[in-house]
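**Q** All chains should be modelled from the sequences, with the hints used to inform the complete structure.
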Amino acid sequence: MDKILEIKSLSKSFDGGKKFAVNDVDFHINRGDICAVVGESGSGKTTLIRLIAGLEHPDNGTITINGKEVSSIKKVVVPEKRNIGMVFQEYALFPHLNVLDNILYGISKKKDKKKIAAEVLELVGLKDYHERYPHELSGGQQQRVALARALAPNPSLLILDEPFSNLDAMLRMQLRNEVFNIIKKMGVTAIFVTHDTQDALAVADEILIFQNGHLIQKDQASELYNKPQSIYVASLFGNTVQLNKGLKNAFRCPLKEDCCHAIRNEKISINASDCEYVTTAKILKRTFLGTHTQLMLELENGEHLTVVTPEAVLGNEISVGFNSKDVLAFDD
Amino acid sequence: MSLQNSFLKLRRDFNRWSWSTLLLLAIIAIPVITIFIKLFDGPGESWGHISKVLLVDYLTNSFWLAVFCTFFTLLFVVSTAWLVTRYEFPLRKHLEWMLIIPLAVPGYIMAYAYAGFLDYGGGVSQVVHWLGVENFKLDIMNVYGLSFVLSISLFSYVYVSTRAFFLTQAVNLLEASRMLGTSERTSFFKLILPLARPAIIAGLILVLMEVLNDYGAAQYFGVNTFTTGIFRSWFSLEEPETAIYLSALLLVLIFSLILIEKWQRRKMQFSSAKISRITTSNRLVLSNFGQFVILFWVLLPVVLGFIIPLYQLLVWASKTFEMVFDDGFFWLSFQSFGIAFITAIFTVLFALLLLYFSKWNKIYHIQNAAKLGILGYAIPGAVVAIGIMIPTLFIDKWMIEKGIATKFIINGTLIALVYAYVVRFLAVAYQPLESSALKVNTSIPDSSKVLGMGNFKTFFKIEFPLIKAGMLSAFILVFIDTLKELPLTLILKPYHINTLAVKAFEYASDEMVMHAAIPSLFIILTAVIPVIFLNKLLLQHG
Numbered sequence: 001m002d003k004i005l006e007i008k009s010l011s012k013s014f015d016g017g018k019k020f021a022v023n024d025v026d027f028h029i030n031r032g033d034i035c036a037v038v039g040e041s042g043s044g045k046t047t048l049i050r051l052i053a054g055l056e057h058p059d060n061g062t063i064t065i066n067g068k069e070v071s072s073i074k075k076v077v078v079p080e081k082r083n084i085g086m087v088f089q090e091y092a093l094f095p096h097l098n099v100l101d102n103i104l105y106g107i108s109k110k111k112d113k114k115k116i117a118a119e120v121l122e123l124v125g126l127k128d129y130h131e132r133y134p135h136e137l138s139g140g141q142q143q144r145v146a147l148a149r150a151l152a153p154n155p156s157l158l159i160l161d162e163p164f165s166n167l168d169a170m171l172r173m174q175l176r177n178e179v180f181n182i183i184k185k186m187g188v189t190a191i192f193v194t195h196d197t198q199d200a201l202a203v204a205d206e207i208l209i210f211q212n213g214h215l216i217q218k219d220q221a222s223e224l225y226n227k228p229q230s231i232y233v234a235s236l237f238g239n240t241v242q243l244n245k246g247l248k249n250a251f252r253c254p255l256k257e258d259c260c261h262a263i264r265n266e267k268i269s270i271n272a273s274d275c276e277y278v279t280t281a282k283i284l285k286r287t288f289l290g291t292h293t294q295l296m297l298e299l300e301n302g303e304h305l306t307v308v309t310p311e312a313v314l315g316n317e318i319s320v321g322f323n324s325k326d327v328l329a330f331d332d
Numbered sequence: 001m002s003l004q005n006s007f008l009k010l011r012r013d014f015n016r017w018s019w020s021t022l023l024l025l026a027i028i029a030i031p032v033i034t035i036f037i038k039l040f041d042g043p044g045e046s047w048g049h050i051s052k053v054l055l056v057d058y059l060t061n062s063f064w065l066a067v068f069c070t071f072f073t074l075l076f077v078v079s080t081a082w083l084v085t086r087y088e089f090p091l092r093k094h095l096e097w098m099l100i101i102p103l104a105v106p107g108y109i110m111a112y113a114y115a116g117f118l119d120y121g122g123g124v125s126q127v128v129h130w131l132g133v134e135n136f137k138l139d140i141m142n143v144y145g146l147s148f149v150l151s152i153s154l155f156s157y158v159y160v161s162t163r164a165f166f167l168t169q170a171v172n173l174l175e176a177s178r179m180l181g182t183s184e185r186t187s188f189f190k191l192i193l194p195l196a197r198p199a200i201i202a203g204l205i206l207v208l209m210e211v212l213n214d215y216g217a218a219q220y221f222g223v224n225t226f227t228t229g230i231f232r233s234w235f236s237l238e239e240p241e242t243a244i245y246l247s248a249l250l251l252v253l254i255f256s257l258i259l260i261e262k263w264q265r266r267k268m269q270f271s272s273a274k275i276s277r278i279t280t281s282n283r284l285v286l287s288n289f290g291q292f293v294i295l296f297w298v299l300l301p302v303v304l305g306f307i308i309p310l311y312q313l314l315v316w317a318s319k320t321f322e323m324v325f326d327d328g329f330f331w332l333s334f335q336s337f338g339i340a341f342i343t344a345i346f347t348v349l350f351a352l353l354l355l356y357f358s359k360w361n362k363i364y365h366i367q368n369a370a371k372l373g374i375l376g377y378a379i380p381g382a383v384v385a386i387g388i389m390i391p392t393l394f395i396d397k398w399m400i401e402k403g404i405a406t407k408f409i410i411n412g413t414l415i416a417l418v419y420a421y422v423v424r425f426l427a428v429a430y431q432p433l434e435s436s437a438l439k440v441n442t443s444i445p446d447s448s449k450v451l452g453m454g455n456f457k458t459f460f461k462i463e464f465p466l467i468k469a470g471m472l473s474a475f476i477l478v479f480i481d482t483l484k485e486l487p488l489t490l491i492l493k494p495y496h497i498n499t500l501a502v503k504a505f506e507y508a509s510d511e512m513v514m515h516a517a518i519p520s521l522f523i524i525l526t527a528v529i530p531v532i533f534l535n536k537l538l539l540q541h542g
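Top line first, the protein sequences correspond to chains A and B.
If you read the first sequence in our numbering, its first letter stands for residue 1, the second for the next number, and so on.
If you read the second sequence in our numbering, its first letter stands for residue 1, the second for the next number, and so on.
Treat the hints with caution; some may be incorrect.
What the hints assert, rightly or not - Here are the simulated DSSO-like cross-link-like pairs (lysine-lysine), alpha carbons at most 30 angstroms apart as the crow flies:
id	chain 1	residue 1	chain 2	residue 2
1	B	461	A	81
2	A	111	B	461
3	A	19	B	439
4	B	93	A	75
5	A	81	B	457
6	B	461	A	18
7	B	362	A	19
8	B	457	A	111
9	B	461	A	75
10	A	81	B	362
11	A	18	B	9
12	B	461	A	8
13	A	113	B	468
What the hints assert, rightly or not - Beta-carbon label-pair distances, calculated as ranges:
id	chain 1	residue 1	chain 2	residue 2	range
14	A	186	B	16	35 to 41 angstroms
15	B	259	A	186	53 to 59 angstroms
16	B	372	A	169	24 to 30 angstroms
17	B	342	A	108	47 to 53 angstroms
18	A	90	B	190	37 to 43 angstroms
To be verified - Here are a few chain A residues that sit away from chain B, every Cβ distance over 12 angstroms (derived from the structure):
id	residue
19	28
20	82
21	126
22	287
In case anyone wonders, no lab produced these hints; they're calculated from the structure.
No residue lacks a Cβ here, since even glycine has one placed at the ideal position from N, Cα and C.
**A** Following this line, the structure appears as structure tokens:
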């Protein structure tokens, strides 16, 4: 498949080399893919996309877009010559221009600019809004204008920086589906940055996990969930219990002690005697959380364990267990 | 990172904006560099005498000026700033901005007005005469009087910085402290005042720099200071070398002040993430008597700093109106406003170039260095003038020698004068521009670039419309400062051109201080309008 973006040993530091925001990162993206960059704040994901956009200059490594090297230690192609579309976290609509002028901004030299503007506005469902100013729009509408503006010049790569972080939960889900339906329809290759793994799981073909400036894993959603390469990656996709020595003893499971193991919270069964590893436990505390109940347990050997269960649990003594196929193993 | 990589990176990132930024910085730095280089030529003949006799005088006078100005501002201004922030009393809303108005009265005009007000036949002597005392005169033509007039013309700097802190930071803290069972008074002294210290000192340092910059008031009062020493060495003794030595010493004093300011801020960098504002509902209301006492206390600096000098100048103006206000005066005002206008345009332009070139430059250290450009404001006008006089004279002579020019085209012309103003007032323009540029989220110009526009197009289409307000306030502030400026103008102004400030100074020096009233009033009244405007701006910015 043809690579639209290729990044090789890319590094960027700030404060005169004291702090690495992006540290020796390698990956590529194929044409038409939607790729999510996931990480906590400060993990370097925003710096990564600013490097791709040409807004930052790398300390080392190369960035190649569409087969053309745009960033290296020797030269950096300016952002305006990269044909990249970008939707910023704060939308960055030009406050003194109305919706139409915002969209025309990037296509002012094109002949059929009016037609393109009408098309993209139609696409995002805002065709009656071209006279409005950004401050007259809701957050979701601003988001859609920002998307339309970025798509209008027909970019070879679309970057979205935390596109949904300023929206409330309901709107977020709705807009997420809308936005990525549009992106898919246009067939644009897209990278989007998020700290929310649900966003990434929902729409991305591929997910890149960043931690402290390092790319620690790049895989499809199901692979990341089933075969995380570290406990950090595992914990990004749901609560995970690390199986320490005490827990391993409590469940009498014959796992090597020098290896790091964990189990996802939802894979621990309550009152399930058919599990491979089972132990009895006393319920110390129940917390009702609506769709499920959280139980704080004390195991036979005094170890504590917190589990969640969708069922109502009666009595104070229960059995808990899990199966070996659900145990996640890591090297570190 | 390897050395080779660092080199490649430097070569890649060192763009034309890096060059341009360094060039702008060099233009600004020329006066200081000149003074530094000229130090190696050795001092002039009188240096021995000056360093033995007068230097002690300069230093002790500067010391007492600093002590009294500090005392005055701390006692009157900090309390006043707190009272207008925390308490409700009659006229509070008006007094809040009127406390900034004394900034419109330059130190030398304040000096003329007070000397007259306290002299035989002045306002005070008339009141005392009415009480039955004859020939009353309060002599303020000394270092204490000078401290007084400079304090009341400059205290607003401390007022502005302190009130900004009180308005934005103090309320939440005070309320938390009260909830923890601490009284209002204890909370103020144990919590608010220590936290306000960086803001107070920042304002105070500005006051002290302006005190060291003053020439007109010290000269009129006959107090020996560094600036009067520089003038005497330059004009009377005709010893540029000595003037340069004094300038260098003064620069050392000034830069120590800057270092103290930086140091105190580093140690006390408190800032609360949440900014609150006092609203009318949470201002305290005292009894009628209490309100009266507060009103009196807050009114005092306004009366001293504005009403009295204004009264004195109006009395004089009414007596000299017919003699001063003629065609010549109209022409003089025109020149003065014209120079201020040209200066304001060039300074704002220069500040814009420095701000944006350093932004477009991709080298971190040059971005940092660009901020040094605004230090020109700390350099006294007399020092800037001498630092520009010497190289421009040199260039002009060289050009005549080489046959490029037939007469001086920089020195003694508007070019040198406006250049010096730009150096001195760059910070005045830079700061409002920078703060309005900071309010534009970086993603806005970034998105313009991603959408295909270069630096210049982005600036004209996006940033320019968004920072217009900042540019306007930068323009007005520089305009006013140029109008008020005296020492620099005295040294560098072209022979046939005059300004209102210089005219007032000349009248006062020629024992015709009454005639100085009309040019002084013109300066003050022009400055008052923007001072009010500035206040609005500060309230908006918080």
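**Q** Take a quick look at whether residue 457(B) and residue 111(A) sit within 30 angstroms of each other, Cα to Cα.
**A** 20 angstroms, holds
**Q** Taking C-beta pairs only, is residue 28(A) more than 12 angstroms away from all of chain B?
**A** 21 angstroms, holds
**Q** Holds or violated: 24 to 30 angstroms for the Cβ distance of residue 372(B) and residue 169(A)?
**A** Violated, since residue 372(B) and residue 169(A) (Cβ atoms, about 48 angstroms apart) do not stay within the stated range.
**Q** For the pair we were handed, residue 461(B) and residue 18(A), check the Cα-Cα distance against 30 angstroms.
**A** The given pair, whose Cα atoms are some 36 angstroms apart, is violated under the 30 angstroms limit.
**Q** Does residue 287(A) sit more than 12 angstroms from chain B, CB to CB?
**A** 31 angstroms, holds
**Q** For residue 461(B) and residue 8(A), compute the direct alpha-carbon distance and say whether it is at most 30 angstroms.
**A** The hint is violated at about 36 angstroms.
**Q** Check the hint pairing residue 362(B) with residue 19(A) against an upper bound of 30 angstroms on the C-alpha distance.
**A** OK: residue 362(B) and residue 19(A) at ~17 angstroms, within 30 angstroms.
**Q** Using the beta carbons of residue 90(A) and residue 190(B), state whether their distance is inside 37 to 43 angstroms or not.
**A** Holds: the Cβ-Cβ distance is about 40 angstroms, inside 37 to 43 angstroms.
**Q** Check the non-interface label on residue 126(A): least C-beta distance to chain B beyond 12 angstroms or not.
**A** Non-interface label on residue 126(A) holds, nearest chain B Cβ at 18 angstroms vs cutoff 12 angstroms.
**Q** With a cut-off of 30 angstroms on the C-alpha distance, tell me whether residue 81(A) and residue 362(B) pass.
**A** Distance of about 17 angstroms is within 30 angstroms: holds.
**Q** Keeping to a limit of 30 angstroms between CA atoms, is the pair of residue 19(A) and residue 439(B) held or broken?
**A** 26 angstroms, holds
**Q** Do the Cβ positions of residue 342(B) and residue 108(A) conform to the proposed distance bound of 47 to 53 angstroms?
**A** 35 angstroms, violated
Of the numbered hints stated above, those contradicted by the structure are hints 4, 6, 12, 16, 17 and 20, listed in ascending order.
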